[in-house]
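Protein sequence lines, in the order shown, are assigned to chains F and H. Under the numbering used here, the residue at position 111 of the first sequence is numbered 111, and the numbers go up by one with no gaps. If you count the second sequence from 1, you need to add 167 to reach the numbering used here.
In case anyone wonders, no lab produced these hints; they're calculated from the structure. Please note that the accuracy of each hint is not assured.
Claimed, not checked - Below, simulated DSSO-like cross-link-like pairs (lysine-lysine); rule was C-alpha separation at most 30 Å, straight line:
{"id": "1", "chain 1": "H", "residue 1": "LYS743", "chain 2": "F", "residue 2": "LYS32"}
{"id": "2", "chain 1": "H", "residue 1": "LYS736", "chain 2": "F", "residue 2": "LYS32"}
{"id": "3", "chain 1": "H", "residue 1": "LYS577", "chain 2": "F", "residue 2": "LYS32"}
{"id": "4", "chain 1": "H", "residue 1": "LYS622", "chain 2": "F", "residue 2": "LYS151"}
{"id": "5", "chain 1": "F", "residue 1": "LYS151", "chain 2": "H", "residue 2": "LYS698"}
{"id": "6", "chain 1": "F", "residue 1": "LYS167", "chain 2": "H", "residue 2": "LYS389"}
{"id": "7", "chain 1": "F", "residue 1": "LYS32", "chain 2": "H", "residue 2": "LYS698"}
{"id": "8", "chain 1": "F", "residue 1": "LYS32", "chain 2": "H", "residue 2": "LYS703"}
{"id": "9", "chain 1": "H", "residue 1": "LYS822", "chain 2": "H", "residue 2": "LYS732"}
{"id": "10", "chain 1": "H", "residue 1": "LYS400", "chain 2": "F", "residue 2": "LYS164"}
{"id": "11", "chain 1": "F", "residue 1": "LYS167", "chain 2": "H", "residue 2": "LYS423"}
{"id": "12", "chain 1": "F", "residue 1": "LYS128", "chain 2": "H", "residue 2": "LYS577"}
{"id": "13", "chain 1": "F", "residue 1": "LYS128", "chain 2": "H", "residue 2": "LYS703"}
{"id": "14", "chain 1": "F", "residue 1": "LYS32", "chain 2": "H", "residue 2": "LYS305"}
{"id": "15", "chain 1": "H", "residue 1": "LYS1152", "chain 2": "H", "residue 2": "LYS1179"}
{"id": "16", "chain 1": "F", "residue 1": "LYS32", "chain 2": "H", "residue 2": "LYS768"}
{"id": "17", "chain 1": "H", "residue 1": "LYS587", "chain 2": "F", "residue 2": "LYS32"}
{"id": "18", "chain 1": "H", "residue 1": "LYS822", "chain 2": "H", "residue 2": "LYS736"}
{"id": "19", "chain 1": "H", "residue 1": "LYS400", "chain 2": "F", "residue 2": "LYS167"}
To be verified - Derived Cβ-Cβ restraints for the label pairs, each shown as a range:
{"id": "20", "chain 1": "F", "residue 1": "ALA132", "chain 2": "H", "residue 2": "GLU340", "range": "49 to 57 Å"}
{"id": "21", "chain 1": "H", "residue 1": "LEU515", "chain 2": "F", "residue 2": "GLY129", "range": "43 to 51 Å"}
{"id": "22", "chain 1": "H", "residue 1": "ASN493", "chain 2": "F", "residue 2": "ALA132", "range": "47 to 55 Å"}
{"id": "23", "chain 1": "H", "residue 1": "ASN338", "chain 2": "F", "residue 2": "GLY129", "range": "43 to 51 Å"}
{"id": "24", "chain 1": "F", "residue 1": "THR107", "chain 2": "H", "residue 2": "ASN338", "range": "42 to 50 Å"}
{"id": "25", "chain 1": "H", "residue 1": "ASN338", "chain 2": "F", "residue 2": "THR65", "range": "37 to 45 Å"}
{"id": "26", "chain 1": "F", "residue 1": "GLY129", "chain 2": "H", "residue 2": "CYS801", "range": "52 to 60 Å"}
{"id": "27", "chain 1": "H", "residue 1": "LEU515", "chain 2": "F", "residue 2": "THR65", "range": "51 to 59 Å"}
In this text, a Cβ means the ideal position worked out from N, Cα and C, and glycines have one as well.
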Amino acid sequence: MVCIRQATKDDLLDIQECDQFCFPQCDSFPLKYYLSYNLWWPQLFYVAEDNRGRIVGYIQGEFHTKNPNSLSGEKEQTTNTECYGRIANLGVICTHRNCGIATRLMTVVHNVMEHVFAAEFVSLHVHKGNHAAFNLYNETLGYKIYDSIQKYYSDGADAFVMKKQLK
Amino acid sequence: MSSRFGMAGGIPERRVRPIWDAVDSRQFKSALKLSTSLLSKYPNSPYAIALKALILERMGKVEEALSVCLTAKERLYSDKLVFIDDLTLSTLQIVFQRLGHLDFATSCYEYACGKFPNNVDLMMGLFNCYVREYSYVKQQQTAIKMYKTVVEERFLLWAVCSIQLQVSCGNGEEKLLLLAEGLLKKHVVSHSLHEPEALLVYISVLEQQAKYGAALELLSGKMGSLLVIEVDKLYIQGRLLARSCDYVAAAEIFKKVMEICPDDWENFLNFLGCLLEDDSRWCNGMLSDQIHRPRFVDCKLSHLADEVFDTRVSIASDFVETLQTNATSDSLRCPYLAKLEIERRKHLYGTGDTVNLKEALLKYFCRFGHLACFATDVEMFFQVLSPDERTQLLTKFIESCEPPHTAQLKVLGKSITIFKIRELIGTMFRLPVNKLERAVKFMAELYCQNLSLSKDLDPQENMPGEDLLSLASNVLVQLFWRTRLLGYLLEAVMVLEYGLTIRRYSWQYKVLLVHLYSHLSALPLAYEWYKTLEIKNIMLETVSHHILPQMLISPLWVDSSDILKDYLKFMDDHFKESADLTFLAYRHRNYSKAVEFVEFKERLQHSHQYWMARIEAPILQLKQKADNIDEEECVLENMNSGIQLIDYSSEERCKALTFNEDMQSRPWWTPSSDKNYLLGPFEEDSIKTRENLLQQQQTTEREVRARIIIQIRALVPRLIYLSIQSASSSLKETLEANDSIFDDNMSLKMKSLLECYARSLGLAFNDAVKEITSIANGQKSLEVSCSSIIDWMNFAVFVGAWKLSSREPSSPDGDSWRPGSLHIVDNFLKKFIIEKLKAMKPLTEFPGNDLLILVQMVTEPLAWHSLVIQSCIRASYPSGKRKKKSGPTTDLLTSPLFQAIQGSIESLRGTLEELTKFMQDQINASDDEILDKLFAPFQRKGCSEGPGQIIHILEDLASGSSEEEHGDRIARALHSWSSIDCLRKILVGQRKVLTEFELICESKLKLLQTLKLQM
Chain F
1 MVCIRQATKD DLLDIQECDQ FCFPQCDSFP LKYYLSYNLW WPQLFYVAED
51 NRGRIVGYIQ GEFHTKNPNS LSGEKEQTTN TECYGRIANL GVICTHRNCG
101 IATRLMTVVH NVMEHVFAAE FVSLHVHKGN HAAFNLYNET LGYKIYDSIQ
151 KYYSDGADAF VMKKQLK
Chain H
168 MSSRFGMAGG IPERRVRPIW DAVDSRQFKS ALKLSTSLLS KYPNSPYAIA
218 LKALILERMG KVEEALSVCL TAKERLYSDK LVFIDDLTLS TLQIVFQRLG
268 HLDFATSCYE YACGKFPNNV DLMMGLFNCY VREYSYVKQQ QTAIKMYKTV
318 VEERFLLWAV CSIQLQVSCG NGEEKLLLLA EGLLKKHVVS HSLHEPEALL
368 VYISVLEQQA KYGAALELLS GKMGSLLVIE VDKLYIQGRL LARSCDYVAA
418 AEIFKKVMEI CPDDWENFLN FLGCLLEDDS RWCNGMLSDQ IHRPRFVDCK
468 LSHLADEVFD TRVSIASDFV ETLQTNATSD SLRCPYLAKL EIERRKHLYG
518 TGDTVNLKEA LLKYFCRFGH LACFATDVEM FFQVLSPDER TQLLTKFIES
568 CEPPHTAQLK VLGKSITIFK IRELIGTMFR LPVNKLERAV KFMAELYCQN
618 LSLSKDLDPQ ENMPGEDLLS LASNVLVQLF WRTRLLGYLL EAVMVLEYGL
668 TIRRYSWQYK VLLVHLYSHL SALPLAYEWY KTLEIKNIML ETVSHHILPQ
718 MLISPLWVDS SDILKDYLKF MDDHFKESAD LTFLAYRHRN YSKAVEFVEF
768 KERLQHSHQY WMARIEAPIL QLKQKADNID EEECVLENMN SGIQLIDYSS
818 EERCKALTFN EDMQSRPWWT PSSDKNYLLG PFEEDSIKTR ENLLQQQQTT
868 EREVRARIII QIRALVPRLI YLSIQSASSS LKETLEANDS IFDDNMSLKM
918 KSLLECYARS LGLAFNDAVK EITSIANGQK SLEVSCSSII DWMNFAVFVG
968 AWKLSSREPS SPDGDSWRPG SLHIVDNFLK KFIIEKLKAM KPLTEFPGND
1018 LLILVQMVTE PLAWHSLVIQ SCIRASYPSG KRKKKSGPTT DLLTSPLFQA
1068 IQGSIESLRG TLEELTKFMQ DQINASDDEI LDKLFAPFQR KGCSEGPGQI
1118 IHILEDLASG SSEEEHGDRI ARALHSWSSI DCLRKILVGQ RKVLTEFELI
1168 CESKLKLLQT LKLQM
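Chain H with its partners taken away, still in its complex shape:
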């Protein structure tokens, strides 16, 4: 702040300070008073005017602030001004930025720099403006000017980073890097480099151009001493050698690093890769946009001759053994895991047998089997073994357990590890039901036996054996999948709720519950647990996928809107702030971070979830207002009639999407939001879920689907708008010839969007239209996944609306669409909604049913169709008068279109009435009866099979728990446990969803009743 209080714009500090103090303490009114008095003394001072603008902006008087700010800008440009200081400019910059006019701020600085060409402070301000605008070329030019003026290393590096950004994030060609290299080379000759960051940037410029030799020379030269940490230097050296294919030298370097850091796995892979002349770690670059890399280490082996391979592998083995011998700590795992990797490579090459690998795995288990990370450590190596070999090895693991002298914690750790491995490699899926039941019982018993270990533990600490309940819950879900006995699923929920009663911080229990409650259609409970996860900041990007997709199609509009708002606010705030941080990185001479920050912002800006939220937020608003066409039009107006979203539908733009969701934390049965194995029958072969998940192909397929969904959904708001216009126009045409607002041009534009939409559905436009006609007429059935049904239904509504006013010559489907287009849409919608409704069973007994699909059918295609009808009816009144005065004319009443509208209203009413009846039946069903039914499996004391056994074990623990055994906190928590309360909560959650949906249907019924009366 102190710099602000010099003679700013010729005003003494003592006059300005009170204004800033008032602004800082948010006393804007007094700040404004002081500013007025300052202006009376200095009416022409741009700084005084800028201060007033700043205060007005803080007071929320945006327009006034902009106008005052522009006045300050004008004064600044006045010829009379002999001096422009950075303080005035930076104050103006702050206000312009907050008002969303970065360009004005930039032009002020450009003007000032033009007037005072050698003022570095002003040039830095201008550079800052270009950083905010992400104008990399101008950044570069300004930095070069500064460099030429004062010949400081930092400005040269600013220019170089700006060039790198042109290449990585702009449209700059790679040959620009030559310029960067040239600038650096010239500077080094005359001044050398003095900062490690500068050297790293220089190396990166050379590396980007594949000039590895030159980079190595730099590193081994004088300037190499700038890198003080030896390991860092060696690592760069090894990387450069490997990328230049000098594998022998690179292997030597990585070996040195291993000797210094023997537990560095990444470096061991580098060492082994170089030894085996495998370029797969280097040829694709080191960075990946995936949040998690594939769990398998990719490798190439076939290029080596047998002898060479054997020699190299034996060198690696000898080295690893030396590392093992020299290990100074029991916790050093890398040399042991390295042994496994060597055996895996031998096996992949065809020279090794699995006996050695199994032996090495057993040794690794004996040493590290108690660690919670053991299962994930060895997952990759288990995949090499056949199913029988895996089972045999697991048996050996079990046999090796439980030496009597081992501490209880280690025994427990190893038992958990064995369960985890079974889950990871899918052997659980091959066990018969009775063995699975035995396994889950054992888990529960083990949990109970070991609970006393947590007696004195702080509630925030992880409990030993905590994993057992999530493992047990996962097995119970599998038992449900295989037997379809609802009791297992409810038990899976209860086990987790039980765990959370004891320790409410368990992240993994909560995530599993979010998904289980979602599957049970008890979304309010899912959302409650999700909220306790306290997802904030960047985790909104990685973790929201646990709740967002199901909430978006639910009737819980307010909660969905909150999730979207929080997420979008975080992202948009970050986009606003990231440029400031980038500039700070330049100032603090952390040049590589400046480039990284921009790349990170780019990554988030292309986030799949961000795009989805940007599209779904307005669609949600449209759903909420669909029962009132005037309000709907206001929503549409605020989004420029849907035009602003169309950009997202570009196939080209969608290619740049990034996927930052952390899918690894999802439960096994729903590896992504569009997959739920529990909805299909149990198939042992199709499962291997964990294995399938590992495949890159799965990820790619999901991404392709996600891109298509974005392309389709981005068109929806615009098509709603055009449908309303088209419907209105069709009526106006009937009433008053040539008074159509929906001209041929608009019709063509709508058709073009529908063609894009059809392409995304996988068909040409005419074929897609024919498909709809055939289905609506009952000649064909549509075989698509549930999520695509909505896309097809929306498409049918939009095509129907377009056909109402289209003057195109008859298409191959004949004239069946117009004026009967509404009838075809009615049939299409009714067919799907009633089909779904008929297949519906009581929610409480049949989880995962299609309730949310029904909700989506009503809140989207049906709602959009009702908007088309509302538009027609509104247009049937004499133009300019929207309110009913005299009603439609007799001619209109007898017109086929008007009769079709009447038919549509009746059809929609019929559908909604059936839906409402279904919901009311469920809402009004007796709670006690349902609870008795749900609780029945848990009351069968003494049963040795079926659901209920686990909860009995846990209930027995709860009733017998004492303060001495488990400590006061746990004993109290256990005594508060009630299984039936848990089931009651589920019932209440499901009721809430049904009630919200019923309210939506009733509102639509009311609307249709009103429309009917208006006709």
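Isolated chain F (complex conformation):
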């Protein structure tokens, strides 16, 4: 029971705290990073606001026009360029987990990617040990494993590259 809406400047103060609650072990992202998302793809930057006006979750998406092979780090080829989206960040604070917020955030961004940006598919990276996130992407949202990257995360953990076809 939250309001999912596009992020505005006033959310930036809250989002970083949300980030700290979601990923306490990670370095916080600089303000410039958040502003950049707001600048490049404001249509793909959503927040979940609870009934007290507090930001309890957020999602940042990207949109690219590139060769899909470059997703897993393969050398880019110039043929078959397609439009695709990427989920850069998704976080929900611990007090608001298991309320369907992540699913709603993902769905709203998928919707924009498909209808506004005409993206053909959407991809993301997920920590191999993050079973909750993997299940959300795989079982609830229909993402499939596309590839895996070794030592993708700063803690040395591997990542799955997951993909969902939008068209």
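Based on the hints, put chain H in the right spot on chain F.
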């Protein structure tokens, strides 16, 4: 980069590329060599010269870089130049910007645009310059020129956004929006609009002028199809209808949105508000500068007739029930919470009873009570109930729990929820001590029973039951407040440390510990935990309040300085970069974001904490150098003798302050940095802390106080400077008539600042001075809060210094101030410091005592007074010779002023000696004895009351933990736990603070000894 490598300023790319490569790889010396060789071939090329300037600037040769850059600018202006390219200009722009001369960069572009009036690239560069300077009018003019030249939609939108900025952030009048509207209208007629962002800007221009009908027409017209996402479009439509007071139509639209997004709470409130014709959600605008909105949903109900109200509410109820029936997911909470809101409105209107509300709450609990967010969801609805009703309902909640088939996690979740609600609504404060003890024991036992659920959990994941330890710690703090038994407070700390031993990522434990250690005067420990929170970036703005205020008044100067430096660096860097981001927003056609970025920068620039840091950073430096007047003067010189801070004291400017601190994450007992309930006696009625916190009034009061503090503190550096001058002048007057550097004009200026200061203290200048005289003479006592004591003491010192050289006719307090002004200040300071000292008890046994106030008294008023004395003595030597050669003359030695100085030195020495003795007694006390005393409550095995019971439960868990039950990681962590180590750490932390303070006092004593010898 590729654009840089065309024929820039007539130079072939192959000659320029190696220079850029060297710069990019930070090989500045070789870059300079290459640049010299390039210049030998192209000595008059402004681009080649600009490149050299860029390299010099990167090498840190700022002055040389500026001079070279100005040469490039001159060449640029030369008539011989037939072509000016954007590359040369942008290179110059980069260097000028880094050198802090945006104006030079702008004038280069202005010149170029004047010379080549139809070059859009150059005009874009010029627009960029104006964006950096926040010159909205010039931005607008340039954008219009570009639009007229190439008739592109984006340039028109740049102009429109520049107009909006004039209205929202500049001095532009709202009628300017008419111009924006006119421009858009004309363009739409001939070209229509092609981007959704453009349409949104157009709508916002109309909305700002309350032309909702026109905006709606736009939305429902052809261009409305630019907004592809239906919900977004409906939401705007609903908002416009509501703002135009067409509530029936608006309610229909919001209903449609609810059908698409049934879990959208904000939208439900819009729907209900429109149904009940309540304009409170629309009349104040949608945005608030508060970081968090009030936790209550504001509403107006009285305007509706009973029948109308009943009908509308029943429509809302039916709709909500339909939503509940159609719900496809178990996690959908909004339709159920909506039911509660409808019952709340009925109750507020006077037609509903609380029975329905309680029933709805119970149902909501049965369905969602296990969720961690349950308590905050229902907080607002509990406030409607009377204390008895709340207790009854909680009993029903408890009775409804624990069906045997439910998963353990859900049972645990509901138990935690009940504790959280008790804490939130304040019922814990009404329980007798023994019941509170039982409650906290139950929490600890529950935690232990459920720890096995975390066996296989990643350390970075939240543990089930983690909240129990913070809840237990909060109750222990309350037990301390009520009983004054220190053991409870120490136990509260130990419980959290225990939790962090198991999971070191818990944010909430750390925040609570920061405050508990601060209250225990163990600031180094508070700071250590604060550092592990990894507060960076914008969180410095929202979260620093947990540590900054107490550090600023502590003797831990180096750490305080680091916190301030990090914060100010972040803010200043952002201010430098934000214009670049804004320009990018224009370029990427995210026009509304360009306006938002500027507004966001404005908000941060007016941040209360930023202003405070800007003022406190120099004051901290002044404190650090106060024992050496020459060094102090260097500090003052670097801040333009304190003049640059005076602007912050303007009442008018202070009105624009924004408050971005997130106060909700603070513990219940210190809801803001200037409030600490533990310092006063336990009063059940005054508590309702959580409830009080909810009141907007509390926030407003805090903000009013914060503004006054800013106004006062901004004057301090300048008054220190003037005090030094005044003191020096008074001695010079005695020595050499008419050789005063502190002329009447300066004296008047100082008095005017003192008058402002007195006004901020709440009195007229003469009354404030009389107050000081009466207190110093023992005729009156000053009843002010601890924080104001320092402001009064500083004021007394500054007035004393001013009186030394003031030639004003006698004021009503007679001539008692001059030359005896020093004596009055001595008495005033001594009175307060010794009073505080006498009330001091050993730090280890009496937390929250006034040690930090004493530190502030010594490091501020006493330090400023010693500067006045240093200034007098320095001036007593023949002019031009600061070093002692022959000493003061006999005439001077016998003068009343000189004798007053001697008296002051003795008085300050006496005070500092007493302070030092107090500190030494505490520092030298036996560690073992203190630890035995502190640990005693925790050694009483088998006791069923008093402190120690919780830590026993946790210790038993630790000693009995096994790898099978809790997993390897948790078992290992538990085995490493030691309660006494935790207490030892507190002792070490407190000692560190005492030692630092003692060092400060000793340094001041040394100074006074030297001054005495010089006389």
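Hint-by-hint comparison with the structure:
| no. | hint | in the structure |
| --- | --- | --- |
| 1 | LYS743(H) - LYS32(F) | holds (11 Å) |
| 2 | LYS736(H) - LYS32(F) | holds (14 Å) |
| 3 | LYS577(H) - LYS32(F) | violated (40 Å) |
| 4 | LYS622(H) - LYS151(F) | holds (26 Å) |
| 5 | LYS151(F) - LYS698(H) | holds (28 Å) |
| 6 | LYS167(F) - LYS389(H) | holds (27 Å) |
| 7 | LYS32(F) - LYS698(H) | holds (22 Å) |
| 8 | LYS32(F) - LYS703(H) | holds (12 Å) |
| 9 | LYS822(H) - LYS732(H) | holds (26 Å) |
| 10 | LYS400(H) - LYS164(F) | holds (27 Å) |
| 11 | LYS167(F) - LYS423(H) | holds (27 Å) |
| 12 | LYS128(F) - LYS577(H) | holds (27 Å) |
| 13 | LYS128(F) - LYS703(H) | holds (27 Å) |
| 14 | LYS32(F) - LYS305(H) | holds (26 Å) |
| 15 | LYS1152(H) - LYS1179(H) | violated (41 Å) |
| 16 | LYS32(F) - LYS768(H) | holds (12 Å) |
| 17 | LYS587(H) - LYS32(F) | violated (37 Å) |
| 18 | LYS822(H) - LYS736(H) | holds (25 Å) |
| 19 | LYS400(H) - LYS167(F) | holds (24 Å) |
| 20 | ALA132(F) - GLU340(H): 49 to 57 Å | holds (54 Å) |
| 21 | LEU515(H) - GLY129(F): 43 to 51 Å | holds (49 Å) |
| 22 | ASN493(H) - ALA132(F): 47 to 55 Å | violated (28 Å) |
| 23 | ASN338(H) - GLY129(F): 43 to 51 Å | violated (56 Å) |
| 24 | THR107(F) - ASN338(H): 42 to 50 Å | holds (44 Å) |
| 25 | ASN338(H) - THR65(F): 37 to 45 Å | holds (43 Å) |
| 26 | GLY129(F) - CYS801(H): 52 to 60 Å | holds (56 Å) |
| 27 | LEU515(H) - THR65(F): 51 to 59 Å | holds (54 Å) |
The structure shown violates the earlier hints numbered 3, 15, 17, 22, 23.
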